[in-house]
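Respectively, the protein sequence lines represent chains C, E and L.
All residue numbers for the first sequence refer to the UniProt record's numbering, where the first residue is 1 and numbers rise by one.
All residue numbers for the second sequence refer to the UniProt record's numbering, where the first residue is 1 and numbers rise by one.
All residue numbers for the third sequence refer to the UniProt record's numbering, where the first residue is 1 and numbers rise by one.
These are computed hints drawn from the structure, not numbers from a lab.
Careful, some of the hints might be misleading.
Said to hold, decoys possible - Calculated lysine to aspartate or glutamate pairs in the EDC-like style (CA-CA distance at most 16 Å, straight line):
#  : chain 1 : residue 1 : chain 2 : residue 2
1  : L       : Lys452    : C       : Glu388
2  : L       : Lys360    : C       : Glu22
3  : L       : Lys361    : C       : Glu22
4  : E       : Lys174    : E       : Glu232
5  : L       : Lys168    : C       : Glu233
6  : C       : Lys162    : C       : Glu176
7  : C       : Lys16     : E       : Glu125
8  : E       : Lys106    : E       : Asp60
9  : E       : Lys36     : E       : Glu284
10 : L       : Lys265    : E       : Asp98
11 : L       : Lys452    : C       : Asp75
12 : C       : Lys127    : C       : Asp186
13 : C       : Lys127    : C       : Asp86
14 : C       : Lys127    : C       : Asp75
15 : C       : Lys127    : C       : Asp78
16 : E       : Lys161    : E       : Asp146
17 : C       : Lys83     : C       : Glu63
18 : C       : Lys319    : L       : Glu161
19 : L       : Lys456    : L       : Glu261
20 : C       : Lys83     : C       : Asp124
21 : L       : Lys168    : C       : Asp75
22 : E       : Lys49     : E       : Asp115
23 : C       : Lys16     : E       : Asp122
24 : E       : Lys120    : E       : Asp146
25 : C       : Lys162    : C       : Glu388
26 : L       : Lys361    : E       : Asp146
27 : L       : Lys360    : E       : Asp146
28 : L       : Lys265    : E       : Asp101
29 : E       : Lys49     : E       : Glu74
30 : L       : Lys98     : L       : Glu118
Take a look at the letters that make up each chain.
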Amino acid sequence: MTDQRSQAEIVRQSLKRRYRKERRFRAYGIAAIAVALAALVILFADIIGKGYTGFMKTTLTMEVQIDGEMMYLDDATDERQLKMADFVEPLVQALIREIPSATEADRDAVRDLINPYASVTLRDRLKENPEWLNTTRTMTFLAHTDVDVYAKHAGDEAYSIKLSEQQQAWVDQLQEDGVVETSFNDVFFQNGDSRDPSKAGILGAVVGSLLTMFVTLILSFPIGVAAAIYLEEFAPQNKLTDFIEVNINNLAAVPSIIFGLLGLAVFINLFGMPRSVPVVGGLVLTLMTLPTIIISSRAAIKSVPPSIREAAEGIGASKMQVVLHHVLPLAMPGMLTGSIIGMAQALGETAPLLLIGMVAFIVDVPDGFFDSATVLPVQVFLWAGSPELAFIERASAAIMVLLTFLISMNALAIWMRKRLERRW
Amino acid sequence: MNTLNTTVTSEAEMPEENVVPVQEEKPAETVIEEGKTVGRPFSDDAKFKLRNVEVFYGQDRAIKNISLDIARNEVIAFIGPSGCGKSTFLRCLNRMNDSIDICRVKGSLHLDDQDIYDPKRDVVELRARVGMVFQKPNPFPKSIYDNVAYGPRIHGLANRKSDLDDIVENSLRKAGLWEEVKDRLDATATGMSGGQQQRLCIARAIAVSPEVVLMDEPCSALDPIATAKVEELIAELSESYTIVIVTHSMQQAARVSHRTAYFHLGHLVEVNETNKVFTSPEHELTESYITGRFG
Amino acid sequence: MQPANLLLLTLVLAVVAYGLGYARSRALAMPLGGIRHLKSLPFYYGARAALWCGIPALIVLALWAAFQGKVIQMLVIGSLPPEMIPADEGSASLLLSKISNVASGALPPGFVEAPIVEAAERLKALRGQSRMLMSALVISVAVLAGFLGWLRIRPRINAREQVESILKWLFFACAALAILTTLGIIFSVAFETFRFFEKISFVEFFFGTSWSPQTALRADQVAAEGAFGMIPLFTGTLLISAIAMLVAVPVGLLSAIYLSEYANKRVRSIVKPLLEMLAGIPTVVYGFFAALTVAPFISNLAASLGIEASSQSALAAGGVMGIMIIPFVSSLSDDVINAVPQSLRDGSLALGATQSETMKKVIFPAALPGIMGGILLAVSRAIGETMIVVMAAGLAANLTANPLETVTTVTVQIVTLLTGDQEFDSAKTLAAFALGAMLFLATLLLNVIALKIVRKYREQYD
Chain C
1 MTDQRSQAEI
11 VRQSLKRRYR
21 KERRFRAYGI
31 AAIAVALAAL
41 VILFADIIGK
51 GYTGFMKTTL
61 TMEVQIDGEM
71 MYLDDATDER
81 QLKMADFVEP
91 LVQALIREIP
101 SATEADRDAV
111 RDLINPYASV
121 TLRDRLKENP
131 EWLNTTRTMT
141 FLAHTDVDVY
151 AKHAGDEAYS
161 IKLSEQQQAW
171 VDQLQEDGVV
181 ETSFNDVFFQ
191 NGDSRDPSKA
201 GILGAVVGSL
211 LTMFVTLILS
221 FPIGVAAAIY
231 LEEFAPQNKL
241 TDFIEVNINN
251 LAAVPSIIFG
261 LLGLAVFINL
271 FGMPRSVPVV
281 GGLVLTLMTL
291 PTIIISSRAA
301 IKSVPPSIRE
311 AAEGIGASKM
321 QVVLHHVLPL
331 AMPGMLTGSI
341 IGMAQALGET
351 APLLLIGMVA
361 FIVDVPDGFF
371 DSATVLPVQV
381 FLWAGSPELA
391 FIERASAAIM
401 VLLTFLISMN
411 ALAIWMRKRL
421 ERRW
Chain E
1 MNTLNTTVTS
11 EAEMPEENVV
21 PVQEEKPAET
31 VIEEGKTVGR
41 PFSDDAKFKL
51 RNVEVFYGQD
61 RAIKNISLDI
71 ARNEVIAFIG
81 PSGCGKSTFL
91 RCLNRMNDSI
101 DICRVKGSLH
111 LDDQDIYDPK
121 RDVVELRARV
131 GMVFQKPNPF
141 PKSIYDNVAY
151 GPRIHGLANR
161 KSDLDDIVEN
171 SLRKAGLWEE
181 VKDRLDATAT
191 GMSGGQQQRL
201 CIARAIAVSP
211 EVVLMDEPCS
221 ALDPIATAKV
231 EELIAELSES
241 YTIVIVTHSM
251 QQAARVSHRT
261 AYFHLGHLVE
271 VNETNKVFTS
281 PEHELTESYI
291 TGRFG
Chain L
1 MQPANLLLLT
11 LVLAVVAYGL
21 GYARSRALAM
31 PLGGIRHLKS
41 LPFYYGARAA
51 LWCGIPALIV
61 LALWAAFQGK
71 VIQMLVIGSL
81 PPEMIPADEG
91 SASLLLSKIS
101 NVASGALPPG
111 FVEAPIVEAA
121 ERLKALRGQS
131 RMLMSALVIS
141 VAVLAGFLGW
151 LRIRPRINAR
161 EQVESILKWL
171 FFACAALAIL
181 TTLGIIFSVA
191 FETFRFFEKI
201 SFVEFFFGTS
211 WSPQTALRAD
221 QVAAEGAFGM
231 IPLFTGTLLI
241 SAIAMLVAVP
251 VGLLSAIYLS
261 EYANKRVRSI
271 VKPLLEMLAG
281 IPTVVYGFFA
291 ALTVAPFISN
301 LAASLGIEAS
311 SQSALAAGGV
321 MGIMIIPFVS
331 SLSDDVINAV
341 PQSLRDGSLA
351 LGATQSETMK
361 KVIFPAALPG
371 IMGGILLAVS
381 RAIGETMIVV
391 MAAGLAANLT
401 ANPLETVTTV
411 TVQIVTLLTG
421 DQEFDSAKTL
431 AAFALGAMLF
441 LATLLLNVIA
451 LKIVRKYREQ
461 YD
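Sequences and hints are given; from them, build the entire structure.
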């Protein structure tokens with residue numbers, strides 16, 4: 001060819017321009033990944049930055065004179081007297097003694113440093129130890145939320161400090177004296193919700209989530225696996241089977257809130273089941289997770305090689321025996337992995353639960369499947385809507401707990417897939 | 001993965017698997033001396049000068065110390081039992097092995113005295129000069145016209161639409177496809193017959209006016225009539241291009257090539273004029289292979 | 001007995017039935033000369049007895065648990081003095097919640113009328129009776145059926161076949177649950193939607209440009225008539241989804257391309273799980289991030305540039321939703337791009353095309369239908385997403401295309417209308433179901449089209 005030389009020349013000349021394009025294209029790809037990863041990092045940093053203080057509580061440790069006369073109490077075993085007695089006064093007096101500059105005239109300002117629930121704590125401790133009456137004890141109480149906010153966020157513009165100048169000076173002094181201390185927030189893990197941020201905890205929501213997840217798991221796993229077995233192994237090739245498959249594929253993509261509508265209309269209004277209970281939440285989440293579990297279980301069954309089936313059938317096993325003795329155990333790791341991922345999805349789900357009333361303000365830790373409850377993501381939603389920053393901080397902390405659960409579940413799924421799944 | 005590429009890569013990626021049975025059938029007394037090739041491996045007017053070429057897949061040595069010249073405007077056929085490394089060797093010539101992560105190439109490979117594996121060497125330019133046709137026809141899911149025009153377009157070979165039309169027509173004519181498709185250049189290429197698709201791929205390769213065309217078993221997926229047409233085409237193309245063809249079929253090698261190279265277990269055992277190889281092979285392995293003792 | 005405990009008890013009974021059945025089949029086999037003379041293994045006789053015992057009992061339990069609440073409610077309402085029987089469903093549900101609050105002790109009896117206290121007592125009694133009856137019925141069904149199953153153990157019976165066919169039917173029922181779920185969804189939205197359209201005209205709903213569903217709560221209350229035009233919700237949903245797709249499609253697609261064509265194995269193995277982590281984060285977390293971090297950031301930024309931006313801008317909700325959808329788009333595109341045969345890549349590279357030319361001119365066009373399908377699925381996800389918009393988008397139904405203003409979406413309105421105090425019959429509540437029906441239809445349509453495209457694409461290269 002006469003023009004091979006000149007064409008090679010043309011190609012060579014075009015190279016610079018083309019490689020520039022190549023580099024630009026590659027840069028777009030890197031930029032896209034950078035954007036996505038940056039979003040992930042910012043999200044985590046934001047939540048940790050907002051929420052790590054949620055894991056700290058502020059307490060007051062002081063010598064309390066449990067003076068029966070001051071409290072109008074002479075028998076700490078008498079229920080009626082305990083109800084009427086004044087448990088606030090000893091705390092206020094104790095704190096005034098800790099603040100040299102405070103006088104009896106400042107008692108209201110001093111009282112506002114103590115958590116409103118501290119008196120309940122004192123009453124409960126005294127009820128357990130009636131002999132403490134008319135003694136002096138060193139005890140630790142929660143500080144008021146305003147003190148908590150001041151102790152953790154003084155100088156942070158986002159937080160409005162509600163303490164007066166005088167109170168701030170006292171708290172500074174008390175911190176130096178070791179009366180006001182910040183420590184690990186065990187209250188957060190031991191309580192249900194509360195109107196007072198310092199008292200609010202996630203135990204109720206965690207238990208609610210566990211109950212709901214338990215219902216979801218025991219329903220969705222067996223049903224999902226059974227449905228997958230039917231569709232992969234027994235279903236005849238007909239219109240009905242096709243229809244079932246179309247339904248499953250579509251349900252997998254139906255917005256979760258639609259399942260909430262289903263739960264409201266069918267379980268609550270039609271069947272008259274109670275609102276806000278883990279059983280109904282579990283039922284709704286079961287319907288929502290089933291498609292995921294069915295689809296992943298089918299994939300797991302499909303990956304079992306036909307040679308295994310043939311081997312078992314060859315020695316006269318029935319179809320059901322082949323499936324239950326050979327296919328199912330071999331497909332189990334894959335099914336479990338898919339189910340864990342489905343469960344993780346369900347654990348983070350919020351929208352459908354709002355519609356079935358799991359959004360109520362519930363203080364008590366639920367004690368059964370038919371007890372009003374909320375779940376962790378809904379608790380996050382409730383706190384996130386609060387105008388008080390002290391609740392926002394707890395919402396972030398709750399998110400961290402939720403993400404810890406989710407990440408461990410996903411890590412478990414990945415580990416199982418690596419560890420147990422066989423390659424054929 | 002798709003069925004289209006498995007056949008190509010399986011041979012390239014897993015040379016060892018197929019080797020084992022061959023080894024068993026090999027006449028026991030035959031010893032291959034590494035780096036020693038009988039016949040006429042070298043040429044005075046070399047397009048490719050290849051010396052001491054070795055190819056590794058991870059730890060496995062797939063090509064063992066091969067030296068060979070490929071002359072200008074000759075048709076050279078690579079034959080040998082499957083898994084012998086002929087495809088791997090072919091793919092070194094335009095660095096198609098680059099896309100396989102674990103593949104490393106050693107030795108000196110020169111095209112017109114320029115090092116192919118020079119790190120500064122441009123793959124794009126190399127491939128524009130060394131075209132390739134694959135085992136299975138792989139037309140792009142575009143129109144016939146766009147398939148042929150693809151190369152000239154990306155390389156900027158045509159300034160005007162009419163130039164491009166000329167290139168497309170010429171390439172299709174050379175590929176013997178023009179008369180069959182001139183009325184339906186806008187039809188999608190995937191709707192053609194297998195033989196037509198393969199000739200289209202040849203047209204696509206020659207549309208960028210390469211100096212060399214590599215053909216990796218171009219007829220293995222075609223029926224006999226389509227094969228005959230492609231072979232005819234190869235004969236015509238040999239006037240203006242250097243052609244390296246890997247083939248399973250000894251008849252095909254005999255029909256189309258000037259020289260034939262016999263590969264065995266990664267060694268280049270014998271290279272010679274095609275009629276010599278098929279009538280009086282010098283090496284006993286070559287003889288066993290062409291007489292059908294194994295392969 | 002609590003239903004949960006009853007469930008457990010039934011399972012225990014089934015296990016007992018298994019043991020007894022197993023033992024009996026062995027005992028029957030002994031005189032015949034061993035279990036070789038049984039038609040099936042003892043295991044199957046035991047399993048058959050267990051299934052006989054468990055299945056009818058569980059069905060009874062499920063039906064009873066499902067319907068007892070409704071039946072008791074009707075009985076309680078029916079037993080009220082005639083003048084107190086509520087006229088419509090709305091007041092009935094109010095009354096019922098009052099009664100059950102009294103019954104549970106949340107509402108002191110002193111605060112309500114005497115008939116209600118009586119009704120509360122009756123409610124408590126009925127609940128107790130219902131539980132007793134249910135326990136008795138379930139246990140007797142289990143024992144009786146289990147006994148029958150045990151009794152009918154004969155060496156000639158092919159227990160294996162029976163057990164297997166029961167199991168097969170059970171498996172089928174589980175699979176058919178998908179149909180039932182779809183029917184349930186259709187039933188739950190369709191029914192209420194029809195009732196909604198009895199009150200509000202089609203024209204107003206579909207073409208009205210004003211949405212303010214605050215109808216009078218009581219009949220005698222003088223309040224503004226609610227307006228039920230869904231156009232602003234529709235445009236709001238579209239605006240937020242469009243912003244989300246503007247973020248998710250380029251980022252998701254380009255990162256999928258980079259990961260599948262350029263990145264080496266190590267980078268892929270690190271970046272891919274990280275991207276998938278974005279998909280695993282609950283939507284409530286994104287909502288939190290959007291409402292408390294991104295939205296204030298955007299409105300401050302706009303303010304510093306001298307532009308007015310709402311503190312609940314569509315941009316914040318849409319942008320964060322886009323981040324959420326990135327992994328969805330990227331993993332679907334990744335699948336699709338990987339399905340393009342390697343031979344096409346080789347063909348293009350062998351002609352001297354650069355990787356980006358190969359990508360742009362060969363692979364991308366070939367993968368386009370599949371990518372479109374994936375994008376449609378992502379759109380369906382965006383319009384159905386709830387928590388991000390509930391937390392970060394507003395309630396104001398503005399008809400605007402300005403991403404810095406507040407808009408509201410279909411899902412936000414569903415949640416707002418159905419949480420908090422509600423009565424079941426008002427147009428307000430019914431409107432939520434009508435919106436739900438629209439949402440279901442829209443996403444269904446998108447999903448069906450998308451799945452069809454994707455399947456067709458897969459078949460092309462299989």
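Comparing the hints with the structure gives:
1. L/Lys452 - C/Glu388: With Cα atoms ~49 Å apart, lysine 452 of chain L and glutamate 388 of chain C exceed 16 Å; violated.
2. L/Lys360 - C/Glu22: holds (11 Å)
3. L/Lys361 - C/Glu22: Roughly 13 Å separates the two Cα atoms, so the pair holds.
4. E/Lys174 - E/Glu232: holds (11 Å)
5. L/Lys168 - C/Glu233: holds (10 Å)
6. C/Lys162 - C/Glu176: violated (21 Å)
7. C/Lys16 - E/Glu125: holds (11 Å)
8. E/Lys106 - E/Asp60: Holds. Lysine 106 of chain E to aspartate 60 of chain E sits at ~13 Å (cutoff 16 Å).
9. E/Lys36 - E/Glu284: holds (14 Å)
10. L/Lys265 - E/Asp98: holds (15 Å)
11. L/Lys452 - C/Asp75: With Cα atoms ~78 Å apart, lysine 452 of chain L and aspartate 75 of chain C exceed 16 Å; violated.
12. C/Lys127 - C/Asp186: Outside the cut-off at roughly 22 Å; violated.
13. C/Lys127 - C/Asp86: Cα-Cα ~14 Å, so holds.
14. C/Lys127 - C/Asp75: holds (10 Å)
15. C/Lys127 - C/Asp78: holds (9 Å)
16. E/Lys161 - E/Asp146: Holds - the C-alpha atoms of aspartate 146 of chain E and lysine 161 of chain E are around 12 Å apart, at most 16 Å.
17. C/Lys83 - C/Glu63: violated (23 Å)
18. C/Lys319 - L/Glu161: holds (11 Å)
19. L/Lys456 - L/Glu261: violated (24 Å)
20. C/Lys83 - C/Asp124: holds (11 Å)
21. L/Lys168 - C/Asp75: Status violated; Cα separation ~70 Å.
22. E/Lys49 - E/Asp115: Cα-Cα ~9 Å, so holds.
23. C/Lys16 - E/Asp122: holds (11 Å)
24. E/Lys120 - E/Asp146: Roughly 31 Å separates the two Cα atoms, so the pair is violated.
25. C/Lys162 - C/Glu388: holds (12 Å)
26. L/Lys361 - E/Asp146: holds (10 Å)
27. L/Lys360 - E/Asp146: holds (14 Å)
28. L/Lys265 - E/Asp101: Given pair lysine 265 of chain L, aspartate 101 of chain E holds - Cα atoms ~9 Å apart, limit 16 Å.
29. E/Lys49 - E/Glu74: Since the Cα atoms of lysine 49 of chain E and glutamate 74 of chain E sit roughly 14 Å apart, the hinted pair holds (cutoff 16 Å).
30. L/Lys98 - L/Glu118: holds (12 Å)
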